[in-house]
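**Student:** For reference, the chains in residue letters:
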Amino acid sequence: MAVRVNGLRMRFGGTEVLHGVDFDVRYGEVFCLLGPNGAGKTTTLEILEGFRPPTGGKVQVLGLDPAAQSARLRERAGMVLQECGFPRQARVAELIDLWRTYYPNPRTLADLLGVVELTEVRNTQVRKLSGGQRRRLDFALALAGDPDLVFLDEPTTGFDPEARRRCWAAIENLRRLGKTIVLTTHYLDEAEQLADRIAILRAGRIELTGTTHEVAVRAGLATRISFTTPSALRRGQVRPPHGIDLSVRGPESVCHTGNAAMTLRLLLDWARQNSLGDLDGLAVTAPRLEEAYLQLTRTNGDHA
Amino acid sequence: MTRTVHLTVRQAVLEQRSFWRSAEYALFTFAFPLMILLLIGAANAGSHLPGTDIKRTTVFVPGILAFGVIVAAYVNLGSKVAVLRHDGVLKRIRTTPLPSGAYIGGLLVSTVATVIFITAATGMIGWLAFGAAPRPGELLALAAGLVLGTVCFATLGLAISSVITSAESAGSVAYASFLPIAIISGVFDPTFSGLPDWLSRLVDMFPVKALAEVLQNAYAVRPFPPWNLANLGLWTAAGAVFAVWRFRWHAT
Numbered sequence: 000m001a002v003r004v005n006g007l008r009m010r011f012g013g014t015e016v017l018h019g020v021d022f023d024v025r026y027g028e029v030f031c032l033l034g035p036n037g038a039g040k041t042t043t044l045e046i047l048e049g050f051r052p053p054t055g056g057k058v059q060v061l062g063l064d065p066a067a068q069s070a071r072l073r074e075r076a077g078m079v080l081q082e083c084g085f086p087r088q089a090r091v092a093e094l095i096d097l098w099r100t101y102y103p104n105p106r107t108l109a110d111l112l113g114v115v116e117l118t119e120v121r122n123t124q125v126r127k128l129s130g131g132q133r134r135r136l137d138f139a140l141a142l143a144g145d146p147d148l149v150f151l152d153e154p155t156t157g158f159d160p161e162a163r164r165r166c167w168a169a170i171e172n173l174r175r176l177g178k179t180i181v182l183t184t185h186y187l188d189e190a191e192q193l194a195d196r197i198a199i200l201r202a203g204r205i206e207l208t209g210t211t212h213e214v215a216v217r218a219g220l221a222t223r224i225s226f227t228t229p230s231a232l233r234r235g236q237v238r239p240p241h242g243i244d245l246s247v248r249g250p251e252s253v254c255h256t257g258n259a260a261m262t263l264r265l266l267l268d269w270a271r272q273n274s275l276g277d278l279d280g281l282a283v284t285a286p287r288l289e290e291a292y293l294q295l296t297r298t299n300g301d302h303a
Numbered sequence: 000m001t002r003t004v005h006l007t008v009r010q011a012v013l014e015q016r017s018f019w020r021s022a023e024y025a026l027f028t029f030a031f032p033l034m035i036l037l038l039i040g041a042a043n044a045g046s047h048l049p050g051t052d053i054k055r056t057t058v059f060v061p062g063i064l065a066f067g068v069i070v071a072a073y074v075n076l077g078s079k080v081a082v083l084r085h086d087g088v089l090k091r092i093r094t095t096p097l098p099s100g101a102y103i104g105g106l107l108v109s110t111v112a113t114v115i116f117i118t119a120a121t122g123m124i125g126w127l128a129f130g131a132a133p134r135p136g137e138l139l140a141l142a143a144g145l146v147l148g149t150v151c152f153a154t155l156g157l158a159i160s161s162v163i164t165s166a167e168s169a170g171s172v173a174y175a176s177f178l179p180i181a182i183i184s185g186v187f188d189p190t191f192s193g194l195p196d197w198l199s200r201l202v203d204m205f206p207v208k209a210l211a212e213v214l215q216n217a218y219a220v221r222p223f224p225p226w227n228l229a230n231l232g233l234w235t236a237a238g239a240v241f242a243v244w245r246f247r248w249h250a251t
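Going line by line, the protein sequences match chains G and V. The first sequence begins at 0 in numbering that gives the first Met the number 0 and counts up by one. The second sequence begins at 0 in numbering that gives the first Met the number 0 and counts up by one.
Derived from the structure by calculation, the hints contain no laboratory data. In this text, a Cβ means the ideal position worked out from N, Cα and C, and glycines have one as well. Do not rely on the hints blindly, as some may be mistaken.
Said to hold, decoys possible - Below, a list of computed lysine to any residue pairs in the SDA-like style, where the Cα atoms sit at most 20 angstroms apart:
(1) K127(G) x K54(V)
(2) K90(V) x N5(G)
(3) K90(V) x S69(G)
(4) K57(G) x M0(G)
(5) K57(G) x N5(G)
(6) K90(V) x T41(G)
(7) K127(G) x L112(G)
(8) K90(V) x E15(G)
(9) K127(G) x M123(V)
(10) K54(V) x P98(V)
Claimed, not checked - Footprint (simulated), chain V over chain G, 3 or more residues, beta carbon under 8 angstroms:
(11) 98-106
(12) 133-144
Chain G extracted, bound-state conformation (with noise of 0.2 angstroms):
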């Protein structure tokens, strides 16, 4: 395991934000924490990071103590920030230069540029880059050293759609590369876009970890078939199908199940038998995590 967080806890003053955090990240995947403004993802980040001890529980970065061994840490952990400036007349290939001399086997300069997509404006001050393009030249100087693993925090908020698509390919190239990355956002899209993992964080909670598809199923969400509607039933000269809670919305017909399998076969089997063809406009959805997320912050809503 790249990151192991066993009972994370952590206090500020007489307040609770993390309340017992447990989750894993393994080599060479994309983790995502998710979770709403507060949910304590840049907290739980800067203990991974070893800027901050945690008040209670375990952590292991790399197989390292983020806080007693933070300059091996930081080594072999790319790490950018939510918001850091940069040395405001610096050049970008001179800053990305500059960064590789920290680094025991750093990348080479026209690589680092390529991964992040900034060869164009090498020769730029960077106090004129444009806010996706800085942030780009984040990701290339927390790559300099080559790391094992990249932490991110909340790498695209306040984009606008075109920064946002180019900072997820600089995210997809570093995925490439091998590397392991810890990502915060509370863009849904994002998550689904770049995770391979995502644990839900609320509250100081996780509430649940799995790839997109296993988050929504665990959210308890169904598959969603829907078809147009064929004309003889909508006229009542067939029946709907047994066993299948069709809801008949005017032009098309919508079902939601947990076996996607199963209802199709018992769907395509009715057409038949009724001779409906092959059902035009047949479309089979798989639950999306935008769904689930809004279910479970609904759900725990009316618990507090």
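Given chain G, work out where chain V should sit, using these hints.
**Tutor:** Relative to the frame of chain G, chain V by itself:
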């Protein structure tokens, strides 16, 4: 060890390059003292200190040397570190394995380079324009005074950086905290007098006058209270304690 030295030098090189790229920093640090040197120097050329045969400019030039040291080491370094902290550059450095000593060392080395440039330019221009030169045999004393002043004011610069809370005010706070003292310390006018007794005693306690007198003494035989060196030493120690105590890697 060699690695730390190498890292320090690389850091210093980027700092120096950035310094010269920033018109505002370079202008204030470099051009301002030289401008004062030429303007006030020209106004005083030809006149002598009352009751002596010492030319005013001979004492005025080392005063501007002191001014240059203070601007480069105190104003420039102090506001620079405040801006770096405010911008989150210091915070970013903490995400790397760069030893903090190498980083601060790089800033200091770059500051020393700026001091060398500025004092060399001031000394040369003072000599060429007004014929002001150190007394024979006092060159070493002058160099020692410059080193002592640089150490003292760079330390105080690091200390003041922790007091400055915004990047916008950094330069003004640093300037405003020493310019009035520089004026009443006689940096620009060695015969400056007429202060109330208490104020002149207060001014004597600051390191500005002490540094100016150390440097002036290398140019002309001047009253030289021995406690000037102790003064600079004490301010350095106090500045170092405060700088270490208050130093933060991130803006609060």
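**Student:** State for each hint whether it applies.
**Tutor:** Results for each hint:
1. Taken as a hint, the K127(G) and K54(V) pair is broken in the structure, with Cα atoms around 50 angstroms apart against an allowance of 20 angstroms.
2. Between the alpha carbons of K90(V) and N5(G) the distance comes to roughly 27 angstroms, so the proposed pair goes past 20 angstroms and is violated.
3. Annotation: proposed proximity of K90(V) to S69(G) holds, straight-line Cα distance about 14 angstroms (limit 20 angstroms).
4. Distance restraint check for K57(G) and M0(G): the Cα-Cα separation of roughly 14 angstroms lies within the 20 angstroms cut-off, and the hinted pair is therefore satisfied.
5. Under the criterion of a C-alpha separation no larger than 20 angstroms, the hint pairing K57(G) with N5(G) is consistent with the structure, at around 5 angstroms.
6. A C-alpha spacing of about 15 angstroms is found between K90(V) and T41(G), which places the hinted pair at or below 20 angstroms, so the restraint holds.
7. Of the supplied pair hints, the one linking K127(G) and L112(G) holds, its CA atoms being roughly 17 angstroms apart against a limit of 20 angstroms.
8. Proximity of K90(V) to E15(G) is assessed by CA-CA distance (about 25 angstroms); at most 20 angstroms being required, the pair is judged violated.
9. Note on K127(G) and M123(V): the hinted pairing is violated, with a Cα-Cα distance of about 37 angstroms set against a maximum of 20 angstroms.
10. Proximity of K54(V) to P98(V) is assessed by CA-CA distance (about 50 angstroms); at most 20 angstroms being required, the pair is judged violated.
11. Requiring three or more residues with a Cβ within less than 8 angstroms of a Cβ of chain V, the coverage given for the stretch 98-106 of chain G holds, as 4 such residues are present.
12. Taking a C-beta to C-beta cut-off of 8 angstroms, the stretch 133-144 of chain G contributes 3 residues in contact with chain V, enough for the three needed, and the coverage statement holds.
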